[in-house]
Every structure is written in structure tokens, then in C-alpha cells.
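J.: What follows is the residue order along each chain.
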Amino acid sequence: MIKLDAKIPQGRLKEKWTNYKENQALVSPANKRKLDIIVVGTGLAGASAAATLAELGFNVKVFCYQDSPRRAHSVAAQGGINAAKNYQNDGDSVWRLYYDTIKGGDYRSREANVYRLAEVSSNIIDQAVAQGVPFAREYGGLLANRSFGGVLVSRTFYARGQTGQQLLLGAYQALMRQVNLGKIKLYPRTEMMNIVIIDGRARGIITRNLITGEIQRHFGHAVVLATGGYGNVYYLSTNAMGSNVSAAWKAHKKGAAFANPAFVQIHPTAIPQHGEYQSKLTLMSESLRNDGRVWVPKKVEDAKAIREGRKRPEDIPDEDRDFYLERMYPAYGNLVPRDVAARAAKKVCDEGRGIENNPTHEGVFLDFKYAIERLGRKVIEERYGNLFEMYEKITGDNPYETPMKIYPAVHYTMGGLWVDYELMSTIPGLFVIGEANFSDHGANRLGASALMQGLADGYFILPYTIQNYLADQITVKPIELSHPEFEKAEKEVRDHIKHLMSINGKYSVDHFHRQLGRIMWNKVGIVRNAQGLKEAIDEIRALREEFWKNVRVPGTADGINVELEKANRVADFFELAELMAIDALHREESCGGHFREEYQTEEGEPLRRDDLFMYVAAWEYKGDGQKHEWELNKEPLVYEETPIKVRNYKVAK
Amino acid sequence: MANKTINIKLRVWRQNGPHDKGHFEEYELNNVPTAASFLEMMDLLNEKLISEGKEPVAFDHDCREGICGACSMYINGRAHGPATGVTTCQLHMRLFKDGETITVEPWRAKAFPVIKDLMVDRSALDEIIKAGGYISVNTGGAPDANTIPIPKDVASRAFDAANCIGCGACVATCKNSSAMLFVAAKVSHLALLPQGQVEAKERVKKMIAKMDELGFGSCTNTGACEVECPKGISIAFIAKLNREYLNANLMP
Amino acid sequence: MAGFLNSSIGKKFLMSISGLFLILFVGLHATLNSLLLIGPDTYNIAAHFMATNVFIKIMEPILALGFIVHIIYAFILEISNYYKRGPVRYAMTVRRHQSTWSSRNMIWLGIIIFVFLAVHLANFFWKVKFGGVPETTVNGVKMHDTYTLVVSLFQANIWIDLLYVLGAIALGFHLHHAFWSAFQTLGWSNEKWRKIWTTLGDIYAVIIAFTFGIIPLYFYFVK
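First to last, the protein sequences are chains A, B and C.
Be aware that the first sequence starts at 1, since it is given in our numbering, and climbs by one per residue.
Be aware that the second sequence starts at 654, since it is given in our numbering, and climbs by one per residue.
Be aware that the third sequence starts at 906, since it is given in our numbering, and climbs by one per residue.
I should point out that these hints are in silico values taken from the structure, not numbers from a laboratory.
Because the structure is a prediction, the values reported are computed rather than measured.
One thing to keep in mind: the hints can contain errors.
[As the list claims (entries may be wrong)] Below are the DSS-like pairs computed for lysine-lysine, each with C-alpha atoms no more than 25 Å apart in a straight line:
1) A:185 with B:701
2) A:183 with B:858
3) B:707 with A:549
4) B:701 with A:183
5) A:185 with B:750
6) A:498 with B:701
7) B:854 with C:916
8) B:707 with A:393
9) B:863 with C:1097
Generate the whole structure from the sequences, applying the supplied hints.
T.: Shown next, in the form of C-alpha cells:
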């Protein structure tokens, strides 16, 4: 049993971060030079942390699997970034942003962390603007805001539909500046394969150069993981092809607790799957729901006719259309939160009314006909022209003439490595930031909060908290790479690779990954139940066994081998998948992105069980590498200052 | 429509490392769904090659939604293929005809050496940014974001430039392998904003010096880059870059 | 400054400045040539004025320098750019819709113009400078009869005329890209001005090519 000490500072909520900073240990400028920090991942969290640590004077080594740090998947975030600036004078405040976040997360995140996030949110915008991030502006030259994800204030800053890209470029440029100054050494096309623990502390990593296949050892006084989420366990998701859990998972198996793995956010508006060969899902901006009306045919036979191409959506008269969100949630209609919209879509498709011609018939219409009638084509073109164009490029359909087809897709994972208030995992010296930690989003993340959290961690939180850890490390001399623990960790990597290469089975990695994805989507997806989860656990175990017997990795390990990279990642996904199902099974309640069929109200709304489950489930790895077992540790969530409410979208708030 | 398929022939550049001479290999691929993206078609090809015990084609890709800039193929004589305003991952097979032969080559430029097959080394672009493609501010100490008002159209224009995804299609397309559009995009993005004007002169000098040093060609204003740029970045920014550079060098 | 002139943009700057100077020169030259169509005396007076004017005398070596810089830097840039393409070329390139034919073939157009220029200098400039031109008297002033020199050359040999027409066409296509490109290189362009420069450039190119091209044909076929 590990001791989960969240190390929450003393004082009132609004004083905690200030108290912490005033009392924490710092490292003197002369000593910073003597300390090496490893940062894995160059998304918003990793790039901002690396740049800031280097600016402070630490020696930083940065790793990413992409060919350039600028390509990390933060780049794909569209919507925006929240900050409690209250520029719109509409009543926003740190408290309100904090409260929206914690309530949106269904009270499954830590009060003090979330409050701090809201506190530093404003600094992020200042920093980004100083770096030259071209946020949208009003005619007067001040920053523009919009309301996002159904909150009552306009606090979202945005740069067209590419806020993530612009923020990442800001962080990437800051990072490259430090590379130029010699404070950061950059290792692109390099994947972290293992973590090195010496005397109970994280002291380094083992990497594989994806071009030469070379296995390398790297020492650091501290290791920071900023490796993103694990949505790709579902095979199809909106994540990048290379997004993976491996770095976090390797740390987990060496002692870092993994928290709330079952909390996955499913975004309601992606383009549906169109075939077996499909490699990823593309998100359509959530803003489309502002003007589009979601529907499926009322009659199953109409849906069938549409799927088979015998009828077109335009042929279905209004009275035969089921605008199910408007019907089920009259107060919010098409603008219900992500999880609610996703579940509703699944429900109508399960009834046989899905309209997409794919194996599972999963898809619903998002229709702009009514908005065009009401506002005119020109207005719609101004608002969504780019998105419509993108949609047409991908699908070949013109959304001005025929309704868009959408379906939920795995988008973000709230779960991740457990961290304390200092963002340190249960392994001393191992810090985890951004989507990779179990984070501030509880059971469900608000729109435009992922960018905020990644940058808050990287720019403004970790650079402080890591010093509290490093302050007494200045006397530690860099450990020789020939240390037995480095030897051991490297050998584990080599054995693992050798094993994968030697199986020489019948099927490609993708073959297994696709099947794993299907199990996860069907049984650990939008809606879950005990029976399905138990089945999922058995199926995952069986498929994993089959994977280790029958996967084929062609080529050699000493050079570019994309199949080997995939095999490494999928092997870890298999283990994570089991834990996700176990976590989902143990959490006998519905909250946020986790919906258990057994736990719903009479109206079919999620039933949260605060008396039993108001805690973070931090799983400790107890397996031996062959058989995987986990022990549950609970961090109770105490809400000292926050009123606790139940979400209800049937009626207006 | 979703189930329509075509049969194609592929002529793909295979090169086993930077020092290998490289050659074209031809493959036939049947029943390719027209709804598949070009990279999904490449996945199908690779799956086929693996099942035949052959080595799959190496190519860069990641986000597969047109924003990370990783994918980089020269398809039928054009960077990112026959459609405009898209990256290779956004190109779909419905644009190709049944029975068509599709030629796929890596980006070719002295500054982008081939690593393997269709994968090239574009770290030269990072080097250019490293040389000065930033505003030198440390974290913390930034004034309130609304302290400096920036006209809406200026911010919007800066965004037009900042839109660059660093894919290198401009270099791949240019007959001189010039990186001027890439550099112009970053120089303009930062020089347009008041925050970036402070060190604009130093920045443009450093970036151009690095660009020249890394083996990119010079611009002859053919304009091919803006046609193939998946983000539609205008060569008006190259004029802006020239202006910034001349200003930095010739004005007191 | 040396660093500037060695940079890629610096070299292009020299191409642009020398090019703009040559653009002015061909304009002046074409204006003068058009006087051939009016009559011997008008043309000879103008030619005489040009030959004796102090300003023109000063400009002559500068003009020569303009040509030399333009030509030398054209080759330096072209050869350097060729190598920047890398060791292996594309097996297939489709450039039609990306850029104009002129913009991709400036060096070849330039070479044609250069060949023409050599012949042209031998035909006229050499003779005017170093003798062999008949003399005439207009309004009591003794001067070279360049009109006769020109007309007799154009009437003597159709191949010479065709070379001149070819030179004019090549110059026209060269200008089609050169005009706006010179301003682009100087940074005096954006989306709006690009349209203006290309339109002006095309009008200019057509006028220049037409003026230069029509004269030899006029004298061979009409006179």
C-alpha cells in the first residue's frame, strides 16, 4: 500500500498557492546550473516546462518521438483556452472558473489543485500574448472572448480554430530559444522506453532513437513526463497516430500510481467511422452545435434505407425526424455537455436508428438546413465556412446541401499518473504534467481547459514545485550511466524488444490494436455495465495473450522500424486497457465521462454516489510482468469550501 | 458511395537510408476505398507488404488532420498531391481514377536529406527557428495581455502568417528549394505584432543567415510555394520579409 | 554590407536594382527606336542627341555595369540554386498551375536576350563607336546616319530580322516576370500591389516587345 500524500498546503483555498510559494525551498542560481532535468514530451506542458526550467538556469534534456517538437498533438486543439480574466465584465472570476471546472468534473478532482489552476490561468494569456500568440481581437484592439461548452461567461481566448497550434508554437519557440542558448538539449525522433529508479528516486530514462534504433541512457536529477493522454487505447480516437501511454505506463510499472484510468472524455462531434481501414477520427468543432440540429430518423426502416443509400436524409420529412437532444433535454437542447450528447447519440444508434453505412451503423445527422433557413447561407458560411470545407474534403459531402454526419469519438483522458499538489508522482523525483497526470479535470473536462492545464503546469506550477524537490539534490553528483540500475533498465528494454521481434507470428500490430479498440469502445466506452466490463477484462487478457503469441514485427530493431514502435506501444495499451476496465468496474457510480448503466436515475441521468466514491482511485501495480495485478489506493476528496451540486440538464440552471 | 473502391498502381520511391541510391518500386493495390485518405491507402499498402513478408514503406505522419505538418509526400508531381489547400493526410482517394498509376516521391531538396523511403530530415526548419524565430521573453513578468491593443486586422494578418505548419511543402515545391515562404511566415508573424517589433531587425538577419547557411536556395518569385502551401500562406509575406531584411541591413 | 550582398536576399536585391535600371533603359531605347517609323531626320537627330548628351555619356558605363551585374548574378544564383535542389530530381513534376512559364525560365530567356545583345552590339554599337557609319547633315548639323545603318541592316537579311524579333519576344516574356518580381524583391509588394505590378508589367512587356519586334519586320516587308 502506498501512502498517498497530496501535500495540500495550509490555509484557505485562495491562500494555498501563495502560502506554498512563500514557504517552499528554492534552488540558488549558481546551483541550478548543476542540476539536470529530463523532460519527455514537447506538447504544451512539456515545451512550456522545458523552456521555463531552462530560463531559470537548469540543464534540460528534452525528448519527443516526432521529428520536431512543434508537431506534438497539442497542435490539434481547436477551440480555445480558458482564463479567468473577466475582460468581458460578465462576472467571471477565479472562483467561478474554479467552480465550473470542479463541478464540470463531477467533484472527482482535488480542490486545491483546481483552484490553483484557475488562479494562474490569467498569467498564461499574458505570457502567450508576450510571445506573440495571435489571439483573436475586437475592433478596438483588445482580446476577444467567446463562451464555450455551455458556461455562463465568455472566458475562452482563441486563435481562429487553431488555438492549440498557436499556443504550441509560442511554447515551441520559447523552447528553441533555449536550445539556441545551449540550456536545452533536444532529442527529436527519440522515444522513452523505460525509467531508471535509483534508491527510490527517478534518476533517468532509457530511450530508443527511432532512426538508428540505438538504445541510450540519460541521467537527470529529476524526470518530468509530459507525454499526453492514452486515448489511442481505443485504436480510433482523435489523438495523433503516435500518441501513446508507454512512458507513463513504464513509470506506472515501476511504482507510480495510475489514477482514475476509466475517466475518458468522448467528444460528441467527430466524423463517423467510414470503414475498417480507417486510421483515426477527425473532430468537427463543437461550435457547430450552436446552429446545427442533431437528429436521426424516427423510424428504424428510414435509418436502414439511408444507410443502404435508398433514401437521402433530405427525403425524410420533419415529422419523421427525431431531434432527440431537443426532445430529451428541452432546456439545453443541442448544447448539452459533451458526455450527455455522446450518450444520447449512442442510445439512438443502439435502437437501430444510426445512419452511417459502417459496420456498426454509428452516426447521427447534424443538420444546418434550419439555420440556413433562419439566418441565410451567408451567415452560416461566415461562421462555419472553414469547417464545412474541411468536412467536404474528408467526406465528399456538401453540408450546405445535405446534413453532416457525426458520431462521438474518444478525445481526452482525464485519468493518468497520480500526482500530489507539487505534480510529483508516487515515485520521488518523477513529475507528471499536462494530460499525462490524472489532472484537474476530475471525471470530465470542460471545453477549452486542456490547453489551460497543460500550460499552467508547464509555465507556472512545475517550475516552482520542482525546486522544492531539487533544493536538497544539489549535492547529488550526476550518476554514472554505468550504474547497475541503468544497466538493468536498459536490459529490460532490450529484452522486451527482442521478445517482440522474435514472436514472428501471423498478424500485424494493427490487427490486434483494432480488436483491442473494439472491445474498449463497446464495453469500456460511452456506456458501461458490470457484465460488459467483466467480459472486457477477460477478452483483453485473452487478446493480449494472443498478441504475445502471434504478432508479427518485420524488419530489424537497429534502424527505422515503425511496426516495432507500434508493437511497443500496443503492448502497453493492452495492460492499460485491463486496468481501465478494472477501474470502471470498481467505480459503481456514474460521474462525468464514466457512465454505468446500473447507476442512473429514473430519468436516465447519471447517478453519482458521493458517499461511496468521492475519492481518487490510484492504482498501484502489483504484477510481476507476466500476470498483471493492481492494488487500489484511495485519496479521499475533501471539499472544504466548495458547495456540492448535481448536474441536471433537463431544466435550466 | 462510401463503399466505392478503385484499383491503382503505385510507383513508390524506396531508399534504404541516406546513403542508398534509391529507386522506384511498383505495387498494385486493389479495392482501395475511395473514402480512404491517401495515408490510409498507404497503410493498406504497408499491411499488404507486411503480409507478403516485405518491408513496409517508411513515411512521416502523425495527427492525420492536417495540422501537425508531419506528412510530406510528393504525389503525382505535386507536394501533398493534386488537391490544393490540403496536406497529404487530408487528401482522399476519391480524387484518383480507377486504374491510375500514382507516383509517390519524398520531398527533394539538398537541405532535406532522405532518411528512408519517403521520410526526410526537415530539422533544418527547426534550426532556422532556433536561430531567432521567437520573441525573447522569459516566463513570468509579462504585462497584462490587454496592455497593448493590436488592431484586429493586424492580429488577423499575423495569424495568416503564423498559420504555417512547418511541413516543408514550399521547399519541396520550389525549383530552387528555397525556404523563403517558411521564413517569411515566421518573420512576418512576429514583425507584424508590436511585441515582436522590438527585436525584428536582429531576428530577420539571424534567420536569413541561417537559412542561407543550411543550403536552401534563393527566391526567384515563381510563386509555386504559395500554390502548394496547405495553409495558403501568401508570398506577399515574402515581400514583407524582403522589406524587413532590407530595412534591417540598409536603414540606420 | 559585404554580409548583406553575400546573402541570398542581397544578391536578389542586386538583381532587382540592376533589373529595374535595365527596364528603364529598354523603355528609353524602345521610345527612341519608334522614331525610326517617323522618318530618317527625326531619328538621326534623336540618335545624335543621345550620342552627344553628357548625361547619356555618364550613364553609358553605368548601364554597362547594370548589364554585367545582372548577368553575372543571374548565373551565380542560377547555378547555386541548381545545386540546392539536391542530388536526385523529381521523376515527375507538374508545374503548370503553380507558376508562370516565364518565371521558371528566366535564365533561358536571359540567355536568348544575351545572344541577341551580342549580335546587336556588333551590328550597331560597335560600328557607331568605332567607325563604318555613313554621315549625313540634318539642319546644318553633321551627324552619323544611323537611320540608314539600321534600315539597310533590316532590309538585307530576313534571318537578322527574325533574330531581332526573337530577341524582342524573349525580352517580353522576361519582362512579364521581371517587372513585378523586381518590386517583390524590394519588398514593395503585397496582395494588392502585386496585382498592380503584374498588370503594369504585362502592359509594359507587350509594348516593349511589340515596338522592338515590329521595326525590323516593317523595314523588311513594308519599306
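J.: Tell me the numbers of any earlier hints that the structure contravenes, in ascending order.
T.: Those not satisfied are hints 1, 4, 5, 8, 9.
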